[in-house]
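Novice: Protein sequences appear in the order of chains A and B. Under the working numbering, the letters of the first sequence match residues 1 to 236, in that order. Under the working numbering, the letters of the second sequence match residues 237 to 991, in that order.
There's no promise every hint is true.
[Claimed, not checked] If the Cβ cut is set under 10 Å, some of the chain B residues that face chain A in the computed set are:
hint : residue
1    : Gly297
2    : Gly315
3    : Lys532
4    : Val536
5    : Gly538
6    : Val736
Quick caveat, the hints were computed from the structure, so don't treat them as lab data. Every residue gets a Cβ at the ideal spot worked out from N, C-alpha and C, and that includes glycine.
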Amino acid sequence: MRVNWSRSSNESQPSKVFIMPVPEHLNFYIDPNRCIGCQACVQACTECDTHKGESMIHLEYVDRGESVQTVPVVCMHCDQPTCAEVCPADAIKRTEDGVVQSARKPRCIACGNCVIGCPFGVPEINIEQQLMKKCDMCYDRSSVGKKPMCTTVCPSQALFFGTRQEIELLRPRSMPVNEFRFGRQSITTRVSMMVPRQSHEPARYVDVTAAMDERPASRHVSLTVIDDPFAEVQTG
Amino acid sequence: MATQPTDPLKIIEGYGPHLAFTSGDRLSTAIVPDRLVKTHCCFCGQQCGIQLKVKDNEVIGFEPWEEFPFNRGMLCPKGVKRYLQGSHPDRLLTALKRDPSSPTGFSAMGYNEAIARVASEIDRIQKQHGNDAFSVLTGASLTSEKTYLMGKFARVCLKTKYIDYNGRLCMVSAAAANKKAFGVDRAANPWSDVPKAKVIWISGANVAECAPITTDYVWQARENGAKIIVVDPRITPIARTCDLFLPIKPGRDIALFNGVLQLMIENDWLDHSFIEKHTVGFDALAQSVREWTPAKTADVTGIPERSIRQAAQWWGTASTSFLMHARGIEHHSHGVRNCMGAINIVLASGRIGREGCGYATITGQANGQGGREHGQKADQLPGGRDIENPAHREQIAKIWNINEPDLPHAGVDAYEVIRKIDQGEIKGLLSICFNPKVSLPDNHFVTKALEKLDFYVAIDFFLNDTAHHADIVLPGSLQEEDEGVVAQFEGRVIKINKAVDCPGDAREDWKIIQDIAAKLGRTHGMQFQSPGEIFDELRAATKGAVVDYSGITYEKIEKQFGVFWPCPSEDPDGKPINHTGTPRMFEPASWNPVAKGAGPFYFPDGKARFNVAPYEPPTEDIDAEYPLMLTTGRVVSQFLSGTQTRRIGPLVEQYPEPRIEMHPRLAAKLGIADGDWATAESRRGTCTLRAQVVTTIRPDTIFIPYHWAGRKSANQLTISAQDPISKIPEYKVCAVRVTKAAAAPDYASELEPQQ
C-alpha cells in the first residue's frame, strides 16, 4: 500500500494525505444471474501475481441436474469482515481502501475460524501451506489502476469493475446492493451484488436466509410462455 | 503406409495428450516480462485481443488487451490458458518418421531428410498415378497468408485438384446460403449493431460456450430493452435466461423458419418497400410456405404452437433486430436450406443493411472467415473467386503467372477425399490444421480409409490423433510463433503478431511448404521470404474481386484495430483511395463490384434473393430400432478436436471427459442414474461414457461433446450424410439407442481423462 505523507511547515502537526490504492469510486459489482459458468474468472484468477497458480474464486453449479445456472463466489470485502474479527492471530487485515487482504504469514495458524465465520463461504485453507487464502480483489492490479483479472476477462460481465455511474448506465434492469442480512446479522460490503431493479421500491438489502427453505424453481425466471419447455416431448 | 505403427496406447505414452500446468518461471511473481506482444487468441472466431507476456523466448502468461474494441479485455478460459501450449512436453521439436520398431511408434528424423522423403514420395506417387493421386487437406485456423499459400501449393506446385479444408465441417452451409441470398459470404453487420437490436433471434448457437464474448453483446441489447429468442434442443446458458425458448427437435429448423415466415405473411409483418426495391423471388417463396400453418409447424418442429406464434410476433413487429446462427442449424444434410430459411425471414423484415438491423452466422474457427476466402476450398480461388469461372481462372492464372489450362479444376469436399482414399483413387495425403480422425463423422470409416494411404505426411505442432497414421510428421509452428492476418467472424481483418521463435527443428508452416516445393524442384511462385510478402500478393490477387483486401495493410490494421473487408485500393473509377474498410454490408447506397451501383447486394441487379427452402426430415430419422436422436456439440473449455486444449491441464480439469447428456425422464426409462456408464449405439458404432442426467435437454435427444478421440469420440456414432450443396456433414442429428453399460469400458483403466 502506498501512503503519501505531506508535512506542513509546522513539524509538530504533520498532516496525512492518503491516496487510496484502490480508489473509492471504483467498485466491484457481481451479477450472479449473468454467470455463464465458463470459468474464465477462475482461470484468469490463477494468473494474478499475488497468488499465481491458484484460483481464489470458486464457481459453483447451483444444481446442474435442474439448471445450467452457476454462481461465482468472490470475497465480498466486508466493511466489518467477520473473518478478521474471528481470527485469533490477527492475520487478516483490511486496508483503508476497504479491501480485505488475504491472511498473512507468520500470523495465520490455519485454525479455520474464518472459514466457519464468513457468511459468504469465501475463505479456504491451503493445507500444505497452512494458510488461509482468499480473493484480495487482485490487489497487485487494483492498487495500481488496473482492474481485477476476473472482472476484466468475464465474457458476460457478471463480474464488473468500474464506477457506479458506469454500471448504472449499462444496467438499467438491475441495481447494486451492498447490505446483506443473515438472520439478525447485517453486513455491508465493498463488493455490491446486482439485483433486479424493482420500479416501485429500490432494494435496500438482500435477505440471504429469507428463501432458505424453499426449493428453487429451475426455469422460472424468464421463460414467459411456458414453465417446462420439454413437458410435451415424449422420450424415444 | 498409413496404419498406426504400434499400439495406440504406446503412441499416447510417447506423444500425449499429456497435461501441462503452470509451473517454473510461469509461477514466479518476481519476473518482469521482456515484452508484451499484442495479438489475438489462437482459438475461436471471436478472436479476442490479448497480450502475451514473453520472457527469454517463452510465453509465460498473458495480460488483457483492453483497447481492442471487440472484446475490450474479455476472454474465455481457453484464451487465458492458451500459453500453456508453449514449452509443452508433447511439443514436436523434430520431424518424425513412422517406426514400428520404436517403443512409441515414431522416431526422430532430421528435418532435411524428412523434407527429402516427402518430396520424393509426392513425386513418385504423382509420376506413377497422376497428379490427382496426391491430395491436400488444410484448415481454417491458419493465417490467411498460409491458407492462400496452401491453395497455391496444391494448384501450382502439386497441380492436384484435390485440396479441401476443415471449414467443410463448419462454415460451408452458411457460406453457400449467404452466397445464394446476398451474393457474398460475410457477416452482414459488425457486432456493434447487436446492442441496438430490439429482438435478437439466436438459432443453433450455444453462444455462452462457443462464442463467449457474444454473450455480453446480446445481454447489453437486453439491457437496452431487447427480447431474446433462443432456438435449441438444449437449455444452454444463453437460453437459461432468454425471453422465449423454442425447444426445437433436431433437424427441423427450416420448418420453423418457414412457419415463422408464413405467420409474417398472414399478419402482414413485412417490409413491402424493401421487398419490392431490394429483393427478388418473394412471391415464389410465399407460395411455398403456405402449407406451414402454425399447427403443422408445431407438429414438425416439436415446439408448442403458442411459442411459435409468440416468436413470429416479436420478430415480425420488431423495429430493429439481429438474427444470428451457428452450427446448430448448419450441420445438417439440409444445412443450406436451414440458413436460407433464416435469411428469408431477415429479408422479409427488411431489417438488414442499417444500424441495429443485422444478420450473421457466428464463424467458429480463428480464421474460419478468412480461411474460406483465398482458395483452399475445393472450388475456390483467392478473393472468393470460383475455380470454374473462366474469367476468374484467367485473373488468378495471371497473378500466379501460369497458363490457365494448367490450373486444375474443382476438386471434391473433404469427406469425398476420404472416400477417394478408401477407393484407392487418392494414394497420398498432406494434412495441416485438420484432425479428421476425430472431427469427421463415422470415423471408423475414416480410419479404415486412412490405413489405405500409400503415403501420408502431417504438419502439426503436436502429434494429433490422425497423425498417428502418418509416415512422416513435420514440426509446425504455434500461432504465437508466426505472424499474419486472419479475418475474424465479423469480417474484420486483424493481425496475429509473432511473440516467440519456433523451438528445436520446428518452423513456420509456410517455410515447411516452401521447403517441400523447393525439394520437388517446383519453386514457381513458392519463394516468399516472409508472411508480409505473401500478404502483398494476396492483396493483389483479391483486387477488384468480391473479397477485396487490396486496400488493407498491416499498418492500417494496427492503426484501426482491424479493417473490415471489402477494403478496395481504388474507387469504382480506378482512382487510388485510402479506404478504411466496410463494417456494415448492404447499406442502401453502397457500391460493390458485382452490382456496380445497381443496388446493395452482390448480384448484377443489386437485389437479394429469397430462396425456396423445402423441408425434409434428417437423413437418418429415428425408428423402432434406434429411437433417440443424437446431437453433438461443444463445451467451453475445449476447442475443436482437442489436439491443443486436451493438453492444457486447467482446461481438462474444468470438464475432463465427455458425458452423455440425457433428460431424467429418459434416464428413468433406461434405468440410468447420473454418473452411470451408459452405451450409446448407432448403425456405425458405439460409445460408452458416463451419463449426465439433466433437465436441460429434450427427453427424446442425447448430447455428446465431440472433442475427445478414439473410443471416447462422439463421431464413432455420427453419420456422414452431407448437404448436397455445401457437403457439410449432418453432425446435429442421427439415430441412436442408449442402454446402461454392463461394466466400465476398457479405456477407463487405460487412459487418462484427456486421452
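Novice: Please go over all the hints and tell whether each is borne out by the structure.
Specialist: Quick rundown of the hints versus the structure:
| no. | hint | in the structure |
| --- | --- | --- |
| 1 | Gly297 | 6 Å, holds |
| 2 | Gly315 | 8 Å, holds |
| 3 | Lys532 | 16 Å, violated |
| 4 | Val536 | 14 Å, violated |
| 5 | Gly538 | 6 Å, holds |
| 6 | Val736 | 18 Å, violated |
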